[in-house]
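J.: Build the complex from these two chains, which are given one at a time in their own frames, with help from the hints.
Protein chains in written order, with numbering that gives the first Met the number 0: chain A, 0 to 94; chain B, 0 to 492.
What the hints contain is simulated information worked out from the structure, not anything from laboratory work.
No incorrect hints appear here.
List of simulated lysine to any residue pairs, SDA-like, C-alpha gap at most 25 angstroms:
id	chain 1	residue 1	chain 2	residue 2
1	B	K361	A	L34
2	A	K9	B	A342
3	B	K361	A	G35
4	B	K464	A	I55
5	B	K307	A	A53
6	B	K307	A	V45
7	A	K9	B	T381
8	B	K361	A	W36
9	B	K240	A	T67
10	A	K8	B	L338
Partial selection, computed: residues in chain A whose CB lies under 10 angstroms from chain B:
id	residue
11	I2
12	V7
13	A11
14	S12
15	S14
16	S17
17	E22
18	I33
19	L34
20	V48
21	E49
22	M51
23	L59
24	R62
25	A79
26	F87
Idealized CB from N, CA, C, for every residue including glycine.
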Amino acid sequence: MSIDLQTVKKIASLSRISVTEDEAQAMVPELNNILGWVEQLGEVDVTGVEPMTAVIPNHLRLRDDVVTDGNIRDRVLANAPQAEHGFFAVPKVIE
Amino acid sequence: MTDLTNLTVAEIRDGFRAGDFSAREVAEGFNANVAAAKALNAFIVETPEKALEAADAADADRAAGMLKPLSGIPIGMKDLFCTEGTQTTAASHMLEGFVPTYESTVSGKLWAAGAGMLGKLNLDQFAMGSSNETSYFGNVISPWKRGDGDNAALAPGGSSGGSSSAISARLCPAATGTDTGGSIRQPASFVGISGIKPTYGRCSRWGVVAFASSLDQAGPMARTIRDNAIMLENMAGFDPKDATSLDLAVPQWEAGLSSNLAGKTIGIPKEYRVDGMPAEIEALWEKGIAFLKDAGADVVEVSLPHTKYALPTYYIIAPAEASSNLARYDGVRYGQRDLPDGAGLQDMYAATRAAGFGPEVKRRIMMGTYVLSAGFYDAYYTQAQKVRTLISRDFDRAFEKCDLLLTPTAPSAAFALGEKQADPLAMYLNDVFTVPASLAGLPAMSVPGGLDAQGLPLGLQIIGKALDEQSVLNAGLAIEERAGFTARPDKWW
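Next up, chain B with everything else stripped away, as it sits in the complex (with noise of 0.2 angstroms):
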């Protein structure tokens, strides 16, 4: 029999329904998988025992003609997603050992559709940070290695990293992910897998630990388009439990793949030229335009002046936010508390900060506190709100001249572990393509387009207009057959 583990989540539904193996073969296939490849510390809890129980009701429903979505589909839980009865912590000491004792909306979708958990996945710390080198419970290491003999520990991006790795070593066939600024689209990138960011409000952010609010949006990652589709389609819908869901149907997205582009107009944003982008990824680029032409999309090029403002923008934005969200984390209703002698309540919030939160939490956290102190708000705060509404307006007037963008993903292949650590401001570079769209609250995603020089995957970004997921999923699936891309890391876990 083939090793199920290597099958999409379509194919996995597929067979399950047609009785060519039972959904328990594949959740064992899974767990063993998870358990042997504890090197790339994808997980940061298993529960293997969670993928049997909901594998055995897969079972017992097909027997009794009672199928779900995604019977017999175990997935990979990003640790951001609170989950009744099993430790969330968003890669965080503050969090550690914290167990809910209610389900976060997108992850009770999914187990109710019939999915089935592997376990919670590893990411960086509040999801801060695009390489998973500030995670509390350890770097999560990519299964890729550079094919020159170089045996460095590449990143899997951030902060969906654990998401990625685990995809892509066949850990599980899809994940959750969260996108703040891009942390779904980059680590698909960096692993060859891919990966939808909707738009912003499809998703519901209840049980989502959050980090930038106004930015924070689930979305899945997996190896192909049509099961990115078919996840999204079993995480989006309306959630009156939060404020900023969207009152709207979910569209059928999987029925809906078709990878004729025809009458479609694909822009190429000229200001995502960057000075200093290397000439591989210049070159897939013009590799992506040919395959959407080659779809039967005409191919036009459009001006988003403002992008070289959204990186600032976003660094006012999203720390802003997250000084604000993370005011929660006190030592009082949950978490750790530090309690050093003789403290007062003041010196406990302090400690306990201290000791709770990594550099890169406290960094942005100061950061957020600053920009929006007394005397500096209005110069920085108020300033990056009013230059979001100009690059939300860019979008506006690109998508009057074209109905999708295509960009690179990131500008360049998964770097080393360690290799931007020590400049915050190198690593929050690498987010310069990804940003624009998560202020904009626009869908857009990132499909393989090929291998770099030294064999590692590099990803391209379709962003669509708000609410159009459909145009992106289907300019992805046109990029995915033409591109061919089966590449996989080979296996030294």
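Looking at chain A on its own, in the form it has when it is part of the complex (with noise of 0.2 angstroms):
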């Protein structure tokens, strides 16, 4: 299958990353060439593989509920682009 300039604005789009005409259109052979090569893995024959999610066998662990630091509002505010009255701000969300 090969990626048109549509697809690649529709992917921009849902990676949340704006992009210009210009731009769309020079990514268009670039990913329709990374994608043919990954297509050959499709030649692989998987039946009855499991999908690998986890290189080392490992448990996954629950720990305590309970919280182990807390009261550090302005450490975690302390990178933010726009913090006002302790919060995160951002633009108008609902008009």
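T.: Listed below in structure tokens is the structure:
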């Protein structure tokens, strides 16, 4: 399958990355080239093979449901581009 | 007095303990080298005051008889590790100015062991790249030059290219690296140093800027195998803050070093003899086989039938995980924010990410978004995860016949900056030998094996069974002792 300009714009939108018309056009052959190459995986017979989800056998640990830190609001907000009244500030979301 | 910056980690440690010199003298020597090497662009941030502070603490500790494992050793820290109070950028514009209020587990362990920080080392942006040409803060330059008078600036490898360049140029005796598909081993190979990616889960990923979480693993880079063992002992260990961290004791790798390989069997994977591999790489591999035989090992040919599928598998799984991990950079909580006039929240996200990410990062996020999108998820992502199972199974079968694998680290010596940049696919192919072990989570290291006809370093890769870093280090030591690699770049910077 091949990616066209519309698909690139759709992926960019899903990725939350704005692209110019020129950038999108440049990405069409680039992404197609990479995708054409990865498509060779389709020839591998994977009948009965489980997808790998963990490389090293390891069980998921559970920890006690308690607060181990907290009261560090200023540290959490220290790198915020915009913080007001102890909150992260964003542009208006609802009209 | 000898130049202290030529000493290895072990030599600095032992000389400092013996009272031959002070930690401050060591730190001052490296600080001076760092300050004089701007042309290499290996550091994004220099922290000479932190190196001196740790050195003074080490000198005081020595006087009080309270030495720590890395007392007196200044190191470089890859700028992918969050360091409290020091800017951490992952070489991106997105995180420019980000000053963590916390310390990554690995860097915290190294400081607790007495090490000092010389600065934050440059890398490929978000660790995505094999040449250090994707950093927002400019390319890192290898200290090496081709011997034919060609003055081309060479790639130090990637993504840990600031680390490799700095160690090779004696700006630090050791540094941290991270390896997702070969980002410790390939740069080590390009500059003639050693580096080990331990078993996935040995080193905590907490506080390390994430790229592809099922692959990312921290490890050390240094000029000798012993130094790697020392560093790794002080980086590894269980961390309750990382759910994939292995709850196991850290072996005493340095004490366990032995280059006697009697009783060990080394597998040579026949599928690694790829078409078009330079004769010099082939010759190096043969030399490595001879070294290991000389050290007492038996050598057998083994088969890893799915090797050719490792790279395409990697370039589905890594971007898929990256697209998810990098969703956190949206201009709200940290990093850059680009807010066009009258923009809403969605516009702010899109503008911020367009301005903050470099081209390679955008390319991988978009690839990842595509392979995870509805309609393509099973065809690409699930298929890649299944092939990953087969690649891992290949290693399990090979390790029924042998204890370790020996391969070249990279298909070529260092290439010139700009040489492969135009074609992303050509760049990806540089990781052909390192990616399979990453997909399987196995410990693997690169050790210098010799020089090519142009006088550039070539590395040999040793891959071990899960959790068997000791055998990997020991085989590395056997090669190190026999290769007698002492070449170093002529100082031009």
